[in-house]
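J.: In order, the protein sequence lines correspond to chains Y and C.
Residues 1 to 433 (the numbering used here) make up the first sequence, in order.
Residues 1 to 299 (the numbering used here) make up the second sequence, in order.
No wet-lab data here; the hints were simulated from the structure.
Please note that a few of the clues may not be correct.
Residues on chain C that point at chain Y, a partial pick, calculated with CB under 7 Å [said to hold, decoys possible]:
| no. | residue |
| --- | --- |
| 1 | Ser39 |
| 2 | Leu43 |
| 3 | Asp148 |
| 4 | Ser152 |
| 5 | Ala239 |
| 6 | Tyr248 |
| 7 | Phe262 |
| 8 | Arg263 |
| 9 | Leu265 |
Predicted, not measured: the structure shown is a model, and the values here were computed from it.
Just so it is clear, CB atoms sit at the ideal spot from N, CA and C, and this is done for glycine as well.
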Amino acid sequence: MSKKRYSLLALVLVIAVLLAACAPATPAAAPTAAPTQAPAGPSGDLEIFSWWTAGGEAQGLEAMLKVFQAQYPNVNVINATVAGGAGVNARAVLATRMQGGKPPGAFQVHAGHELIDTYAVSGQMEPITFLYEEEGWLDLYPQDLIKILSYNGEIWSVPVNIHRANVMWYNKAVFADNNLQPPKTMDEFFTVAEKLKAAGIIPLALGESWTEVHLFETVLLGTLGPDKYIGLWAGTTDWKSAEVTKALENYDRMLNYVNEDFAALSWDQATQLVIDGTAAMNVMGDWAEGYFKSKGWTPGVEFGWAPSPGSAGAFDALSDSFGLPKNAPNRDAVLAWLKICGSQAGQDAFNPIKGSIPARTDGDRSLYDVYLQSAMDDFASNKIVPSLYHGAAAAPSWLQAITEAVGLFIANRDVAVFQEALVAACATAGVCK
Amino acid sequence: MRIRKDRLLAIALISPSVVAIAIFVYAFIAWTIRASLSSWEGLLPDYTFVGLANFTQLFRDPRFQIDLRNTGIFTVLFLVACLVVGLLLAILLDLRPRGEAVFRNVYLFPMAISFIVTGVVWRWLLNPATSLERLSGINLLFHQAGLDFLVSRWYTSRNFGIAAIVIPATWQMSGFTMALYLAGIRGIPEELREAARVDGASESQIYRYVVMPMLKTVTLSAVIILGHTSLKIFDLVMAITQEGGQGYSADVPALNMWYTAFRALRFARGAAIAIIILTTVAVLIIPYLIHTLRSEVEQ
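Work out the full structure, taking the sequences as your base and the hints as a guide.
T.: In structure tokens:
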């Protein structure tokens, strides 16, 4: 290249840098109408950050925002959403913003360790136990749930909804045709699965990567029982123990009864196998109910549900919640939003549309369908345990290590190696010695 | 005096980009190295020095071992496929078939698409479902053509899942290799070929003994450019497999790095993976840079 060309190139670069420098760093603020009289309550902008971008979730959020706006008309809500299933992308964006010291007003986060280990431990959240005391929520939320939300004796977020992870969905016609009853225990599952397999039906529909971890956590719960399952995450249940080995063996055995091409299917495609009748059962969170209904199926008529094998009496819960970031812009408005999130009106606006149950135990039952009503009953009476894959039970780094162990296990099917990896993961997480 | 003025102007013009590159490339590399030697986990930076602990852990990690193996397989297959296909296309176009310009553009077009778009399209085409009622994409084509033995689990197949990723990567980049080769071939003086013809060489002999030896430098450039693409590949694998296939059958270090840093928030370990990727690319690029620098000086 000649000298002339070089200087031309340099000139272009200089212009590019100058242009970049001149571009406005932040989009111009939306003009806000000057209030004609002294506003009651908070005002100004409130940015609400979530990954509720599609379908029932987005509509549920809209409904809850309406409740909020009716009560706090002076707050200008900025509904900031980042698309991506289970918040995978939203979490990366959020982490960057929190690191950069620019937290949104309020943000959606899975309740439990995902929130605690990521944001609370690093001192980026303000505890909101005082809000629970002021609003009298301590009596309205189940104690087990409060435990999941707590760290260092403080509560860190307001759960808006509850989903149940340990649900086994089944095709009623398939069971009736084969004169079978849906299995309640692990042993029953294997008996039933063997018969279904002999009849040429896939016993259990499974999907890609994360649904494998999802199934794994329900097998841990179903084999160990709720108390020991909780102990796994607190370091009181030994990952080296024979019971855990038993759970891993159950999981290994279960994988013999799934569709061969599970890695090719998303969770809803796996659920579709049950609708098609090619598979009999599917273990999936209760968002699957919405999928069944979207296909014109009625709960209790074409499809039934039961706790995943062995997990009756336990409610494997996950929850979307909102917390209070330290130095949140417009703290008063955030607190107002959190009050709506925790209120009966807010939760009953959001949940029937989203297809989940309220985290409060005093939701209006008449708003919910027959499945959700049964979930509400179980939520009030069962032992509530935190979901692993959905962020409640373990720190994200621990979860990732377990996810990798499950992924490798599915390829090599070596229980001993699997257990070693899980033991090591617990030690790396600093929970086990 | 005039010359000095020119120089000043040149320095003034070039300094912004030098500064920008110094900060945004080299300073960040230094910062990543520092992070990779630390124990940073979670959102708050923690620069406690732990030496090479992250690296030794990584090399013991079964997933990372698979990643390294996959990168090796991918790079070799991808390079060979691109070079062979690219050269073949270039030779065919060099024979000046009718509509040469059209073909040249058709083969080059995939280059204009980003890997993400290619990935999304090929995710459909390479749908790994194998049971009859769920066949789609290429598997369905095979089935309808009666070629059921070709139905594959693609990127989820046990040991060579990564090989399936080579297909879209080659589809996208072989046109580029073709362009490089075609330019190289067209740059060969016609007299040389004429001379060979006069000596009684057949067309294939001309390509073998006259054209190919003169394309060595082109091949080297292609290997460098394709090689660093394949060592760093992320977007294509992300779009097609999302989590690296079944049992990490199609996982690569860059994907592992993304999940380690941004999902597990293990930034130190993620930085260590980044440094390993950088090192492998540097091993490829630096000798090339030194080589070209020397030949430029000689000229």
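J.: Could you run down the list of hints and mark each one as holding or not?
T.: Structure-based check of all given hints:
1. Ser39: Constraint on Ser39 of chain C not satisfied, violated at 12 Å.
2. Leu43: Hint holds; Leu43 of chain C Cβ to chain Y Cβ min 5 Å, cut 7 Å.
3. Asp148: Where the cut-off is 7 Å and the nearest Cβ of chain Y is about 15 Å from Asp148 of chain C, the hint is violated.
4. Ser152: Ser152 of chain C check fails; min Cβ-Cβ to chain Y is 11 Å, beyond 7 Å.
5. Ala239: violated (13 Å)
6. Tyr248: holds (6 Å)
7. Phe262: Holds: closest Cβ of chain Y sits about 4 Å from Phe262 of chain C, inside 7 Å.
8. Arg263: Interface hint status for Arg263 of chain C: holds (6 Å vs cutoff 7 Å).
9. Leu265: Check passed: Cβ of Leu265 of chain C comes within 5 Å of chain Y, closer than 7 Å.
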